[in-house]
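Asker: Following the hints, position chains P and V against chain S.
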Amino acid sequence: MTNPTLALRSVSKSFGMTAALSDMTLELFPGEVHAIVGENGAGKSTMIKIMTGVYQPSSGQIELDGAAVVLPGTKAARLRGVAAIYQEPMVFPDLDVTENISISSTEGLVLHRGAMRRAAEALIARIGMKLDVDRVASGLTLAEQQAVEIARALSQDVRVLIMDEPTASLSAHEATELRRIAKSLAEGGVSVVYISHRLEEVFQVADRVTVIRDGMHISTRLVGETNPQLLIAEMVGREVGNYFTKMASTARDEVLLSVHDLGVAGVFQGISFDLRRGEVLAMSGLIGARRTDVALALFGILKISSGTVSYKGAPLKVASPRDAIAAGIAYVSEDRRKLGLAMALPIRWNISLATLRRYLSALGLIDVKAEAGMAEVFRQRLNIRTPDVEMAVGMLSGGNQQKVMLAKWLNMEPDLLIVDEPTRGIDVGAKAEVHDLIRAFAAAGGAVLVVSSDLPEVLAMGDRILVMREGRQMAVIEAADASQERIMALATGQRGAA
Amino acid sequence: MMARLKSWEGLLLATLAVIFLFNVWATPEFISPANQINLFQLSIEKIIMALVMTFVIINAEIDLSIGSMMGLSACAFGYFFQLGVDPVLCIVICLAIGAVGGAFNGFFVTRIGLPSLVVTLATLIGFRGLARVMVEDHGINNFPAWFDRLGQEGLVGRVPFALIAFFVLFVFLYIVLERSSFGRLTYVIGSNKDVAEFAGIDTGRHKMVIFTASGLIAAFAGLLFAARVGAVRGDVGNGFELDVITIVLLGGVSIFGGKGTLVGTLLSVLIVLNLRNGMGLLNITGHIQTGVIGILLISSVIIPRIPLGRGKLKAEA
Amino acid sequence: MLQKIAPQTLRLLALVAVMVLITLFFASQISGFLNGRLFNRISSSVAIMALIATGQTLVILTRNIDLSVGSIVGFVAFATGLMVGHHPDLNPIVLLVFSMLIGAGFGLVNGVLVAYARVPSIIVTLATMALYRSSLVWFSDGKSITTESLPQWLINFPNTVLFSLGAMEFRAAFCASLVVVIAVALAMAKLRPARQIYAVGSNPEAADLAGIDAARVVLAAFVLSGVLSGLAGYMFLARYGTITVVAGLGFELKSVASAVVGGVNIFGGSGSVIGAFLGAILVDLLENGLRLLPGLSEFWREAVLGALILAAVATDTVISRRLAAVRAARAQKEALAAREVAP
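Protein chains in written order, with our numbering: chain S, 1 to 498; chain P, 1001 to 1317; chain V, 2001 to 2343.
Don't read these hints as lab results, they were simulated from the structure. Because the structure is a prediction, the values reported are computed rather than measured. The beta carbon of each residue, even a glycine, is placed where N, CA and C say it ideally should be. All the pointers check out, no bait thrown in.
Chain S side only, calculated, beta carbon under 8 Å to chain V, not exhaustive: (1) Thr74; (2) Lys75; (3) Arg78; (4) Val91; (5) Asp94; (6) Gly108; (7) Leu109; (8) Val110; (9) Leu111.
Just chain S, same shape as in the assembly (with noise of 0.2 Å):
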């Protein structure tokens, strides 16, 4: 082969004491579509924004056709030929297709409409799309966003073009012409950066596959030369060590919620489970699964408008988080800072909130003593390391945010308690913290749905584990069953594994 247009030399990454990426090696050559394939926080993101210039690496080097560069920024990145799209495509919406393609260009004061319209045309067609140039971006839909996001970065001259998971929110109609669109672009040349969750998807539009894990390298081949079992089993090879403890089941006989075919118009259908007092399920699947689309139905933001659920006996009926609370069930957002915490806000604050009620005296003042003994009780509880709880939760580490995010919802003393993530960027010590809180609240007789993407989690804390794929159920199996592969054979589509 020729010199790669851009490698990555033992680039390493780490913020504070976490490292998300390290010793990385990575070369792209020219007209090569290569594959990029990992689990969730493999370090995937942390790859592409130090080739994008959004990050500076902490040690190693860029190089650029062969010759080492710093790329302070996202324009740099650009001016040097390196691009980026993304699932949720960056377009201005109140644009049209033309000036959506033209507006990095710099060239001459006076704008040329017929030119820049012939040119816009000239891009849409050599990706092979049919698009009307003058229509406004708002109106468009994902694929045609991207199409314009790809045919903006060809505009500027694109030599390595990252997309990732580009086509998670597709169409297979549109997931089809996309990966066209990546083939035909590396046989003009480009480098194009493949990163995907469907391993089918790998096999159809690779040259090579790369496969990163816990933020290393660990392994580049052909794609003849793979398979998806051997990326499987590179994609969650773990040593021992890292394993949580495979918790024990406390599961009652009481059906606590009776989940059947259960849909939201246009995001998932056909979920079914039942889920018992003292069960701990676990939703496991990749990035677009929708598991979180799930869980936020059964807590009322989003509606439900198929299937039938029943808790307690009775049919559930929640149009609103207010009524979900009501009912006993509580939801731990995955996102910690814009639906979890109010950062800015004490620590006693966060966790007396959704229970604030519980703390008013007669004339609808609140007991501050009352609720902070509580907090306090939670912060001894939950092993939430502040010197008091008055300060604002925003400065805590982010295991310690968790604790208090469960707190709030434990203090609620829920029946149904939902747990979006509930690990994900905290340590592994508050990991395990966390899991054995988890499990205590079950072992009480509350019931658990936990949506993770961290397999050892979803293994190590699953009574059972519902894989989900795009919008849909795959199985619910139980955790005697389970293994890694056997989840991420499912998660990536592989149905022969159910």
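Answerer: Chains P and V alone, transformed into the frame defined by chain S:
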């Protein structure tokens, strides 16, 4: 956060002390009870509205319509009084207009989902228009003697009704903001509305209450004005919204919501009053005073950003 | 079908339709409503407001707001009056540049504080509105500019009739203002840097990724708003001759109202200068019509204006939200249908 707030309040207190001492030094008659009461009395409507505006802004909203609502209420009082309606009933009608006007703002913000900046900008113009419709271009006066007396003379000793109302309202709202669940939720919703929604809180109803209260107090301020001046015109309260917002922001309430205290607002009220009074005694005109306060306002946003060697919020890992 | 027409064009068409309906309504209620005097009155007043609304539009497009424009107009009108009073022989163009430069200076202060000191624009311009006004008070020292102190050419300029269509007189001030508005509109459509204003307001994150320097764009918008306000100050002086410290008071809100009624999205990113111009006309048309309407107090005009702004924004928001929902539903349906077909 608490430490930071305290430090801001400390800064305000120090500023206040400097201005106060300067005033005493420059003009000895400054500390006379008459001047001190006069100091409050001259801006009483603004500082009362600042108390509720503190809630509005902590809740991450804004109400630009209060000056116009104040004018509308004052003019409505004059209008109905002229029609021969019993003055007490007039007062009730005016307060009702305030509440309805505030709820009208709240409706467009919470149910239609428009930004409060736009909604209250429109009602700033609209309420003012209604006020002008009522009194057109003439003034109304000759209110009942007891009404004028209430506004102009001491109720308890030399302390007039309005000043007592201000302090009573301050204490009441202080308790609400610091001790009640309503106050707590004002902070939480202002800090992160979605977190509040996910915790099962009816944020729409909460905001509705705040906007209604804002309208109600603005109407109350309009009545105070009518009583204090003894006459109303179409331009009563014109531009007051800006002074009120300035006072609140200067007091350390964040324009992005979730942060601030009523003590900060009170200190800011005292600073602004002392500053204006001091400048007035030095023969500096009202417009220039406003300019100085404008500079203070921008500084109040920039100064807290200057790092004081304290740790910032830790970024999430 | 609707997708073919850009939402912005739809907005303008709707605005024109509303204007026609309102005009017809007034014409049916007021005898002799549609005459040359009406045109002349509206065009004289719009000549000033259109300039301010144009600048305001540029700022709003970037997701900001400029509440200081009224104070800038007042200050510039006074300073220009003083200047020409002392130097009556000054070249009109030099005087014009003088006005625009003062405006630019004020706009620069706003822009630096918003774009680089990162203070929210509503706070900055709330403060500078007061600050610029007090500068005027300090600067004027309680004096006023009077017509007598101004050269004749300046006073004659706004009312010079360039040409007439029947009873409709096209006066110099209006024509000049129209030329500026059209020039800015053309620039916004044709110049590359101008499109960045839309990009920054439409999606700041994407603008950053596309390599656009958002701070510089915001700064430019504020400076331009200052320049246009300076220009308006010049026109204000010429039209009224008498300038006191309250000159231009309330223009900030009227300019925001013109822009918003003209379909400029208060959240930035969409809207046009022509829309704001039409908005300014509509606002003035209403004011004039309501004043003449028999049986109605002329004082209704502000109340109606407030209602109009609210109605315009609410309708626009609700309709565009509906449209987005319909589109999303259709896209989802297609996606799910396509998934059915997939293996």
